[in-house]
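Enquirer: Residue strings, one per chain:
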Amino acid sequence: MRAAARDGKGLKGIGGLDRKSHPANKQRTNGAGPMNSPLDHKKLLKSATGDWEIVIGMEIHAQVTSQAKLFSGASTAFGGEPNSHVSFIDAAMPGMLPVINEECVRQAIRTGLGLKAKINHRSVFDRKNYFYPDLPQGYQISQYKSPIVGEGEVIVDLPEGERIRVGIERLHLEQDAGKSLHDQHATMSHVDLNRSGVALMEIVSKPDLRSAEEARAYVTKLRTILRYLGTCDGDMEKGNLRADVNVSVRRPGEPLGTRCEIKNVNSIRFIGQAIEAEARRQIGVIEDGGSIEQETRLFDPVKGETRAMRSKEEAHDYRYFPDPDLLPLEFDQAYVDELASQLPELPDAKRARFITEYALSAYDASVLVAERANADYFEAVAKRDDGKSRDGKAAANWVINELFGRLNKEGRAIDASPVSAAQLGGLVDLIGEGAISGKIAKELFEILWNEGGDPRELVEKRGLRQVTDMGAIEAAIDAVIAANQDKAEQAKAKPTLIGWFVGQVMKSTGGKANPQAVNELLRQKLGI
Amino acid sequence: MTELIELSLAEARDGLEAKRFSASELVRAHISAVERARLLNAYVLETPEKALAQASESDARLKRGEARPLEGLPIGVKDLFCTKGVRTTAGSAILGNFTPDYESTVTSQLWRDGAVMLGKLNCDEFAMGSSNETSAFGPVVSPWLPPNWDGARARATIVKATAERAAPAGLLVPGGSSGGSAAAVAARLCLAATATDTGGSIRQPAAFTGTVGMKPTYGRCSRFGTVAFASSLDQAGPIARTVRDCAILLRSMAGPDPRDSTSADLPVPDFEAAVTRGAKGLKIGIPKEYRMDGMPEEIEKLWADGGRWLAAAGAELIDISLPHTAYALPAYYIVAPAEASSNLARYDGVRYGLRVEGGDVIEMYENTRAAGFGREVKRRVMIGAYVLSAGYYDAYYLRAQKTRTLIKRDFEQVFAAGIDAVLTPATPTAAFGIGEKASASPIEMYLNDVFTVTVNMAGLPGISVPAGCDAKGLPLGLQLIGRPFDEETLFATAKVIEDAAGRMVLPKVWWE
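For the protein sequence lines, the chains are A and B, in the order given.
The opening residue of the first sequence carries number 1 in the working numbering; numbering runs sequentially from there.
The opening residue of the second sequence carries number 529 in the working numbering; numbering runs sequentially from there.
Accuracy of the hints is not assured; some may be wrong.
When the alpha-carbon atoms are kept at most 27 angstroms apart in a straight line, the in silico DSSO-like pairs for lysine-lysine are as follows [stated by the list, open to error]:
| # | chain 1 | residue 1 | chain 2 | residue 2 |
| --- | --- | --- | --- | --- |
| 1 | B | Lys906 | A | Lys128 |
| 2 | A | Lys512 | A | Lys442 |
| 3 | B | Lys930 | A | Lys145 |
| 4 | A | Lys263 | A | Lys238 |
| 5 | A | Lys145 | B | Lys936 |
| 6 | A | Lys43 | A | Lys303 |
| 7 | A | Lys128 | B | Lys591 |
| 8 | A | Lys118 | A | Lys128 |
| 9 | A | Lys525 | A | Lys492 |
| 10 | A | Lys179 | A | Lys118 |
| 11 | A | Lys128 | A | Lys145 |
| 12 | A | Lys263 | A | Lys303 |
No wet-lab data here; the hints were simulated from the structure.
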């Protein structure tokens, strides 16, 4: 193994351990910096000249869920007529002044708490100066040196069950810009200021991510946390969550390479594609004897490649300075504590609870908590109205496999599910009681999906109840054996034929016979 | 009716209340004076119809006995205050015919209290200047004549200069940036005027024109709706002919405003009641650093006179030191342009005001800003962008901010030691001639603010009160600097000086 301690400070022995089998390495801890993180060979990019490690850091711009903009009373509603949600402040009319919207401050603090981050009781708004038609003030109000939220972390679940810790560098509040529309006029651009001044949280990660897959999982998890908190709806299609991705490559063990920033990637899929394309490009450049220039790039999803937007030399000098129109933002710990006391249960806590309370697998728990609505639905299935728990595993199976599968297939959201949690809970009860078999349960699910109704009544009315009357089952078995004497003989030599007999018996009983009972009785009768 | 324009604001208020004349009569007298005084170029926009409409409402209210604090009193508004439906230019071509759809907090409070608007007053472009010569509307001519000039010569000079599109050289500047406000008040073209002060723009023109100018504590008046120059320094205040008039006007202008995060959430005192408090028992600081080499003897003498008058009224004079005074001006000329460079970025030709088309948007920006901004504004925008740029920020902007902290601390220490107010000259000289300094090094012009910028840098209140004249017969002012939000002591002490010096005899009308 080459995964030795690369900075010379780590213990030699740790590098030689198989990471997957060592419990201490199950959760990668990058708190001491990326240089100390163990190396995962699966994640290295192979090339003719050897292995490459990708190092990724992300800046996520998340639109704050609020009624009004960060510094004005104008609406943040999406989809209004162009320039219909614009105050004099958003349009930067002469003499207009920004006034902080406290709801946006609360949302930022709540998000910081959700990221287990340090909340700064004093932060400062700065002006970031540059000219662009969709930036009416000629500067963006942002937080440069003193952000409202400091260091925190996100625990990210990877598909293979691995969990990694991604450090959060900071979170700050800033204004969104307007939108330039270039297709409205032959020679001129139009500007829509509806977005101008809407509050964004810029969430900056440490360079702790090592693959496109990790990056995707990180954004997915961050989005989940934001949605749980209700601080950002995470709607990437509306641009309410955008990512700037910083990518560099290096030989394992070497210092960080020069990074390029890929701006404004607007879907999780594209984030993965952009990282892979950019890493390949950088490796190609280096392997051809070149070097990486620090620059800003754009991802072209059609061509699947990144292209240069502006170099370091062309980078703006933003002339940051504290905005003299705004006082430093200050609040005390009691204010933070009050917000903390009202936070909802977050995905990590919920996941842990699902594992212990409902005996779910880590995987199932992760799947269920990914969306709060899904988790709530599951809990409603898993808990009866009287507060008693149903079979959690069975509930999880039905929710994940049957319900989610069907919803996905039909492109429906959980809140548009035709089968309610109460109905699905009733179905799980019926299975648990032995009243219906798994097969019948699927039939019942179909009925519930298409026609609705009370599961218990449906079972009775439609005669779906499982036959557990041994006499009736025996009669059915005898009839099948009698009609198939030759096969019964063969079965003695070839016991696998029992499956055929089970099928025949189930068919003759309309699927209502208890399959286990059928199996046992058949073995006796056939002498297997 | 010309005697009506000679009244002070307080006298006019009392006259209206006593029904010796009507608001309409008072306003008409002023409208007529304004129309006859166009040679001075004090007003850039006259709003007689609005004034008469407001006056007639005032008369109705007076008749019903429902007079508000400023009922029917005609005032002028510096063109830096946005006025709803009335063109607002900040003295700049870049705003073109910009007509706001909103009212500044300060002016809205004046109208709330019954004041009448005569029009918008000339000022330096974006309030950047100390002589009103940077205005896109041309310079304001001071009603004060240079020594040995008569009215005929002055009128002829202005007429000739106007025909030649040149500045009327030789005549005096009213100071700036609130030059229109000061000139209009001195020439009795309004009872009082709103003004703004970023580095001395109320106090210096007041001193140059023999009027009283009060720059309140930063945060006392809302900045909402006032075109911004340097946000951390800008503060609105009144210019009037008496200390009492300033106190009356400030009470209406001031007050907390939820639309300005930097406005102070403090109740507004009855400033007028403080005017007659006197100076008995007050400790007045005399800062040695304000004694500058080459300062005219008359100013030295005036300063000493001021001290004696206050002492005679029972105040105690104490020599103090404000050691960082010398750094205030250079620090100011970093902080103010830095903020201005950012504040003026919004004038880009995209949404309002002037637009000069170009091949692409960058060219449009460049063409618009090149045509729309004057020389001084461009100079300051460039200085400001420079001191904020990467690599220079620490050496200039950050250093200036640290200096600012030290200047503030100087004052905090003397106030903590028991000083109630600081007495200084308002300006290093009396008014100078139009064209005299505008063509010289900008530093010459900036030196005008040497006694006033400290007050803005420290966010303190300061008042300039006429105290006498120089050898050429031109007015000179003294400045009193107070504790934060203690404008009352300044009104009281300024009144002592005003009483002792005798009310300034303003120039007779020659401009009609």
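Enquirer: Measure nothing beyond the straight line between the CA atoms of A:Lys128 and A:Lys145; if it is 27 angstroms or shorter, mark the hint as holding.
Expert: holds (12 angstroms)
Enquirer: Taken at face value, is the distance from the CA of A:Lys303 to the CA of A:Lys263 at most 27 angstroms?
Expert: Between A:Lys263 and A:Lys303 the Cα gap is close to 16 angstroms, so the pair holds against 27 angstroms.
Enquirer: Quickly compare the C-alpha distance for B:Lys930 and A:Lys145 to 27 angstroms and report which way the hint goes.
Expert: holds (17 angstroms)
Enquirer: Measure nothing beyond the straight line between the CA atoms of A:Lys179 and A:Lys118; if it is 27 angstroms or shorter, mark the hint as holding.
Expert: The hint is violated at about 33 angstroms.
Enquirer: Is the Cα-Cα distance between A:Lys512 and A:Lys442 27 angstroms or less?
Expert: Answer holds: A:Lys512 to A:Lys442 is near 12 angstroms, not above 27 angstroms.
Enquirer: Hint check: B:Lys906 vs A:Lys128, CA-CA at most 27 angstroms. Holds or violated?
Expert: Answer holds: B:Lys906 to A:Lys128 is near 20 angstroms, not above 27 angstroms.
Enquirer: A:Lys128 and B:Lys591: Cα distance at most 27 angstroms?
Expert: Given that 27 angstroms is the threshold and the Cα spacing comes to 55 angstroms, the pair is violated.
Enquirer: Between the alpha carbons of A:Lys118 and A:Lys128, is the straight-line distance 27 angstroms or under?
Expert: holds (24 angstroms)
Enquirer: Under the criterion that the straight-line Cα-Cα distance not exceed 27 angstroms, is the pair A:Lys145, B:Lys936 satisfied?
Expert: holds (24 angstroms)
Enquirer: Could you grab the alpha-carbon distance between A:Lys525 and A:Lys492 and see if it respects the 27 angstroms cut-off?
Expert: With Cα atoms ~10 angstroms apart, A:Lys525 and A:Lys492 stay inside 27 angstroms; holds.
Enquirer: For the pair supplied as a hint, A:Lys263 and A:Lys238, is the alpha-carbon distance within the 27 angstroms limit?
Expert: The given pair, whose Cα atoms are some 16 angstroms apart, holds under the 27 angstroms limit.
Enquirer: Between A:Lys43 and A:Lys303, does the CA-CA distance stay at or below 27 angstroms?
Expert: holds (24 angstroms)
Hint check: violations occur at hints 7 and 10; the rest are consistent with the structure.
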